[in-house]
Structures are given as C-alpha cells and as structure tokens.
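There are 2 protein chains.
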Amino acid sequence: MSAPEDTAIRTTEVIRRKRDGRELSRAEITHLVMGSVRGEIPDYQISAWLMAALIRGLSRAETAALTEAMLRSGEVLDLAEFAAAKVDKHSTGGVGDKTSLILAPLVAAGGLIVPMISGRGLGHTGGTLDKLESIPGFRVDLSLERFRQVLGACGCSMIGQTAEIAPADRKFYALRDVTGTIESSQLICASIMSKKLAEGIDALVLDVKTGSGAFMKTLEEAASLAELMVDAGQRMGTQTVALITDMDQPLGLAVGNSLEVRESIQALGGGGPADLRELSLELAAWMFHLGRRAGTLAEGKQLAEGLIRSGQALEKFREMIALQGGDPGVIDDPERLPRGKHRVDVPSPESGYVRKIECETVGTACVILGGGRERKEDSIDPAVGIVLHKKVGDQVSAGEPLATLDYNSPSRATLAKQRVAQSYAIGDRPVSARPLIHRVLGGASRP
Amino acid sequence: MSAPEDTAIRTTEVIRRKRDGRELSRAEITHLVMGSVRGEIPDYQISAWLMAALIRGLSRAETAALTEAMLRSGEVLDLAEFAAAKVDKHSTGGVGDKTSLILAPLVAAGGLIVPMISGRGLGHTGGTLDKLESIPGFRVDLSLERFRQVLGACGCSMIGQTAEIAPADRKFYALRDVTGTIESSQLICASIMSKKLAEGIDALVLDVKTGSGAFMKTLEEAASLAELMVDAGQRMGTQTVALITDMDQPLGLAVGNSLEVRESIQALGGGGPADLRELSLELAAWMFHLGRRAGTLAEGKQLAEGLIRSGQALEKFREMIALQGGDPGVIDDPERLPRGKHRVDVPSPESGYVRKIECETVGTACVILGGGRERKEDSIDPAVGIVLHKKVGDQVSAGEPLATLDYNSPSRATLAKQRVAQSYAIGDRPVSARPLIHRVLGGASRP
Chain A
1 MSAPEDTAIR TTEVIRRKRD GRELSRAEIT HLVMGSVRGE IPDYQISAWL
51 MAALIRGLSR AETAALTEAM LRSGEVLDLA EFAAAKVDKH STGGVGDKTS
101 LILAPLVAAG GLIVPMISGR GLGHTGGTLD KLESIPGFRV DLSLERFRQV
151 LGACGCSMIG QTAEIAPADR KFYALRDVTG TIESSQLICA SIMSKKLAEG
201 IDALVLDVKT GSGAFMKTLE EAASLAELMV DAGQRMGTQT VALITDMDQP
251 LGLAVGNSLE VRESIQALGG GGPADLRELS LELAAWMFHL GRRAGTLAEG
301 KQLAEGLIRS GQALEKFREM IALQGGDPGV IDDPERLPRG KHRVDVPSPE
351 SGYVRKIECE TVGTACVILG GGRERKEDSI DPAVGIVLHK KVGDQVSAGE
401 PLATLDYNSP SRATLAKQRV AQSYAIGDRP VSARPLIHRV LGGASRP
Chain B
448 MSAPEDTAIR TTEVIRRKRD GRELSRAEIT HLVMGSVRGE IPDYQISAWL
498 MAALIRGLSR AETAALTEAM LRSGEVLDLA EFAAAKVDKH STGGVGDKTS
548 LILAPLVAAG GLIVPMISGR GLGHTGGTLD KLESIPGFRV DLSLERFRQV
598 LGACGCSMIG QTAEIAPADR KFYALRDVTG TIESSQLICA SIMSKKLAEG
648 IDALVLDVKT GSGAFMKTLE EAASLAELMV DAGQRMGTQT VALITDMDQP
698 LGLAVGNSLE VRESIQALGG GGPADLRELS LELAAWMFHL GRRAGTLAEG
748 KQLAEGLIRS GQALEKFREM IALQGGDPGV IDDPERLPRG KHRVDVPSPE
798 SGYVRKIECE TVGTACVILG GGRERKEDSI DPAVGIVLHK KVGDQVSAGE
848 PLATLDYNSP SRATLAKQRV AQSYAIGDRP VSARPLIHRV LGGASRP
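Protein chains in written order, with the numbering used here: chain A, 1 to 447; chain B, 448 to 894.
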C-alpha cells in the first residue's frame, strides 16, 4: 500500500478508537497533530476527532501528549543565552484583567526574563495584544529575532503568536472555533500550554479565572482545567503553578483597551485599584519565587512592592514600550493614549449596596462600544471602554454614577449603557466581595 | 451580518446542540444537509456533526428528517406514468446474497415495476452492481432517462446511484467512510432510505441481515436498524416492511460475482439451493403483497412460484440483460460468464457435521481472491469466487471438499483457501441451522 493510504487508514482507526472512548497512545496523537500540520490529514478528519475528544474526554496522559505534539509542531525558543530564569504568566481570560501589562515589566525589573507571547480578545474578554496596540506606535508583531533582542535589552517583551510557534494549535484552534469543539478543558489546556511551553520558559504561573466573567463559570471547572495545565506543564519539566482567581466582577475599574493601559500605568506607579494591585503582587511573588529570585512568597511580594515604590517597574515598562516602537511618553502623560470623544454616566437606579456585577455583561458592553470584536475580522476601537465607580460591596445612592462610558458612537453607547445598567444588582444590605484568590494548585515542591 | 456569516454561526450552533445531546429540529437538519450539498457548509463542520450524531444518537424524528433532507437534496423519480405499483427490495449486505438479481425480474414478471438502484460491494460483502457487471456487456451506469425506458420496456431495471439521486448521501457517506462515523444505525438508516425513497416507489421490502456475515452481528442491532428504517419509510408515506434474515452463513452456495449470477439463473429457472429459493420467494411474496398483486403472503408466494415454473421470471431476466447491453446468451449458456482459470478444493480436516461457518471470513476470502475490493479504487475480478459444498448441519467426511475456489492468482488462492478452511467448524454431533427469517417488522397494516 502507498504511504498516503496508510495514513488515511490509520487516521480513521485513531478517530474510531477515540470515538469508542479508548485511550490513544502518544504515537497516535502525534500522528494526528503532525499529519494535520503537514497537510496529510484533512481538516474533516481532525474535526471528527476533536468532537470525539470533546465528548469522550482525554486522559491526563493524552492531554500531555497532545500538548507536547502541538508544542513540537513548531519552533521551541531556546533562551539559554540568558542566565536569569525565564518565567511567564498566563491568564485564561477575563474582564478588566490587565495584569500582564503590569507583570512583564515588574518581574523583568526584578531581574528575571519574561518572554510573553499573548493573544487577542476573545468573546467578552479583553486581549493583551489589543491593549498594547492602544499605545501609539506599539508593535506586537515582532519577529522572533527582534523579540530576543528586546528581551536582551530590557528583560521583557510582549508579542503575538508567530507563524513559527505551535502551528498545530493555530490550525486546531481555527477548526474548534467553527465546529463546536472549544469547550473541552483538555483541548483548552493543550492549546494554552503548547504555546506557553514553546517560549522556552523555566516556570509558568497560570491565572485561571472563575466566575460570571470567566469562561469557567464554576470553581470546579476552573480547578479541573488548572489541574490539567499544571500536570501538563510539570510533565514537560516546567515548574507550573495555577492560581484560581475571581472573575465574578471586573478586575480593577477600567474595562477597555487604552483605559486599561492607563490603569496599568497607575498600578506600576504605585496607585490603581486595590484588587488589581493585590492580584498583581501575588502573581509577581509567585513568578519571583519560581524564578528563584525569592525564597518565599512573602519575599517575592516585598521585592515587587519595592520595585514599584522605586519606580523601576514603571521605568521598565517605558523601556519596553520604546523598544517595541511605542510612544514612551504615555507613561508620564497618559492623555497621549486614545480616548473616546464622549462620556456618559450610568446612574444607579436606587440607593443601597452593590450586591453583584454580572461580569460577562460588562465585557459584552465593552465589545458593543467597539472595544472588542463581534466577529474575528472586526477592527477594534482602542479608545472606548468603561470605568466602574462602584464594585461589589460598595454603597451607592440613587442617581450616583455606577460607571462611566467612554464612547465614539452614540448608538453603540445607548446599547452598552443598558448592558452596564443591567449588570449591576443593588441590594439593601452590605455584602462582602468574594475572595480574590480561591485556590492555588501546583508549585508545592518549593514551599 | 452577511449571509455566509449567518450560515457559519448557525452551523456551529447546530453542531453544539447535537454535541450536547439535544434534539435538532427538521429545519436545523435540513440546514446542514442542504448547506453541505450547496457547498456553503465545509466538510469539517459536517464531520464534526456526524461524530456528535454517532455518539449522542439521533431520535426517530431526527432520523426521519435527515432521511427526508437527503432524499430531497436531489431528484425524486416520478414514475406515475406506470400504472402498476412500484416496489423495491433492499438488503443491508451479506455474503452470497444474490436475491436482488432474482427478485427484480421475478417481481417484474408478476406485473409490478421494480426500479432498483443498487450499490457496490462493501468490505467483505458483495455488491449487486459488481455481480451484474460480470455479465459481458451489462451496463449499470444508465441515465435516469434510459432507466425509465428500460422500466417501460420490461418492468425492471437495475442501475447504480446516479449524480441526480440523493447527492447529500454521496457526500455524507464519503465523509463517514474516512471519519469513523459509519457505525451509526441512524446514519445508516438515512443513507439507505434516502436513496431508496428517491426511486419514487410505493412500497419497499427491507432485508436486514444479522449474524457473522452481516454488518449487524446481533439480532438486537438488526432489529433496531430495521425499526428505524420502517419508521422512516412509513413517515414518508411509503409502505415499508423489514425482514430480519440470517447471515450467519453465506446465502446459497456461490460467493463471487459471476458464480452468483450463475446461481441466480439457476434459481430463476426453478433450481438452486433451497435457502436461496426460500428467501427469494418470501421476499417476492412481500413485494407482491405490498404492491397489491397478492391479497396474502401465501398468494404472493404462489404467484412467484408460478412465474418461476412457467419460465416467465427467467425470460424477464433475459429481457433486462439485453436492454442493459448485456449478453442474453448467458441465460441458456452460463459458460459465457467469466470463470476463474483454476479450481482448487478445500478439504474437510475431519469427519463430522458442519457446526458453524464464520461467514465474514468466507466473504473476506472472496475479497482476497479478487472478487471484492480491499480499497475503493481497486478493480474487481468478476471470474473468481467460492462454491460451498457443505453448509451448517451437513455431514462431511475427512478429506471431502467443503468448498471449491475458482481463482486466477495462485498466491491469492493459497491465502483464500486458508481463510475458507478456518471459517468452517466441524463438530461430532448434528446441529440444526438457524432459522432463515428471524423476524418481520412493519407492513402489519395489511395482514
């Protein structure tokens, strides 16, 4: 028999085995991934397999094998030229989550290397690349060579996925998006981890979001994904820890690309909302700890606080912006960032206490304003967004603004305003907000 | 939003609903089928849906909707020009099953119209088209216009699926073949019934095979498929009956294309093996009964017996062969059919009684001889095959031939001989064969 025929037969057999709930070998999974990337296995076979994998599930070993095969489908960065530990952080996505913008410069200021390859906004959640691009001139499409140069010059660099990194993931993800096969924690794990581990990092801190603004709505779902990712990372020899953190209301106060850059600059300068500051310090502490810059988390946190207080963290952000073609002047004068032409408040309909903020609705309101994409090919308006004035537990009087919208299109603002108003639930008794960090998984080997 | 985007979004939503085990509406199923045929829905979405449908299952209503949508994806024959009832028979496939070759001329000789659109061999099972093509000159690729002419001239015609008939089934089937989604009784039902109902028939007799040579190995599987098909046929207003018949050993004695034509000529002439004759008369009786040529099954059987005895059935076969370009001389001189250059016996290793014949193995032996296809693109040797001398329950002495192979390739014969020898189990006590007809479903409205 000819080789293509062998491939075809074997592929169908692999699909049938997963269809019947059997565990696939590493070789079978590699066959699928490499066959797809090489164009030998057509998309219709991959999508049938993806559906079988979603419904039947993948074992830990299968998930790790898929992660590794997708990782090895492309280039794996070798950053051995840098003596310091290479660490990164990844978030599963949320609303107002701008910690990446804070952590990359903060942790690089502490002497570690942060080679961060990020994504764009997805659905109601924001994307790090979209936020960075709201800085005039900032380029996220650096070549891997230039990425390496920026890392050498300032210790951190933030770019988008390149053609060389995990091409299998790009192919699989595009298929999953249109075949109803996104919602598998094992496939999500492999997608995230293959890209992150391709960065050639020593340690990875995962921020797995849970709550009404997260993809994983329940703590159980989040914990299950977190466990899978920690397991896949550790099997690949990368120290991995996962913090399950709250996304039941937006993180910080700003939601929208340039507004979030502005808030990140505030946080790097020692200001900004308390929850954003707390989570950033916690994540930085873990990165310093795993990267052996801090013996304990408490030391890591102190180090981070010191780097903010001294201005070194903010200075590092300025450096990175300049190295990636952006206007470093935004650091001292955030007014250089784009801003919506108009502003409108969303008043509280009654007096009381904020009981809940339906977080996904706030994210959707930002998309409606133009701050996110309804369709993949949509362009983004970097200037628009929402600034919250009240968060869960806060007291509010009737008519007092709950939030302010920055907008360019009045018709979009009308719709978005309704959504933001809907997202708030006001009660007559004070409530306490949920904890910011629900659980920590992995990383226990170094107390 | 643009129309293609609407389609894309809706398709993903439909896939997700089936993935989650929800029941789809007729409109959603029609959307998938027509979208695929029109080229608006890519194969990778269809294959993901097929996998979800196989694993989650389809309800009766979904199966009927799929059948109807595939049927309406192409032309539905209108044979109203013929006053007589239009009836057909379909078998789910077996080894040595040549009843179609007997029934089409037999039932047409009885005054009904038999517009039979058949398939080729699949796996270890034979195909009606392959058998017919072993008759020198016989054409199965008639246009629908010529098909209609042959029907008008002799009351029966046997052709292959044309481009006009159920194009969605051709597309779906090709995808199922390479995505591990063949083995769904609901998808099998829709595939079979869409093609058969497109023939514009009034009644359909289904021969659902069960046993070691059938695709449905157990009676339960066969009954489940039979029920689905009867239900789908009746929902579409076509009288449908299903006989669950035995395929635990080959039907008749001949397995292989020209050998089966030869045996069919014998049966139409009043001879041939008893089981082949019995099943053919039973199926013919149902066709006559549903086609209102016989008030009872007993009458139908008598009618069939008379048509064989009088020579009218065989004469009708001769007519059809001539009308479809074949050599009608094979009727009187079967030696005009191709025959393997060599013959070899398979001797019994011991004395006793045939306890079992592993039927799929016999079918595979015929494929090995060249009588079937190992790969879709293989050509078939019409001359080769196997003639059994012993069937279940028969007494045999050590060294006496169990079967004789007709072959052209000695190396293939060696392998096939082993398989045939393996397929026989000899015991020391007489056993009785399984009943030929296990169960009858549907058609009960006309006692």
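Just to be clear, a hint being listed does not mean it is correct.
As the list claims (entries may be wrong) - Label-pair distances were calculated between CB atoms; the ranges are:
hint : chain 1 : residue 1 : chain 2 : residue 2 : range
1    : B       : 570       : A       : 26        : 28 to 36 Å
2    : A       : 34        : B       : 842       : 27 to 35 Å
3    : B       : 666       : A       : 377       : 21 to 29 Å
4    : B       : 457       : A       : 418       : 46 to 54 Å
5    : B       : 868       : A       : 26        : 55 to 63 Å
6    : A       : 418       : B       : 470       : 46 to 54 Å
7    : A       : 221       : B       : 611       : 28 to 36 Å
As the list claims (entries may be wrong) - Partial selection, computed: residues in chain B whose CB lies under 8 Å from chain A:
hint : residue
8    : 463
9    : 491
10   : 492
11   : 494
12   : 622
13   : 625
14   : 885
15   : 888
Claimed, not checked - So, partial list: chain B residues that the calculated Cβ filter (under 8 Å) puts toward chain A:
hint : residue
16   : 466
17   : 495
18   : 498
19   : 626
20   : 742
21   : 791
Because the hints were derived from the structure by calculation, they are not lab data.
We put the beta carbon where it would ideally sit given N, CA and C, even for glycine.
Original post:
Hint by hint, which ones does this structure get wrong, listed from lowest number up?
Top reply: Per hint list: 2, 3, 4, 5, 6, 7, 14, 15, 20 and 21 violated.
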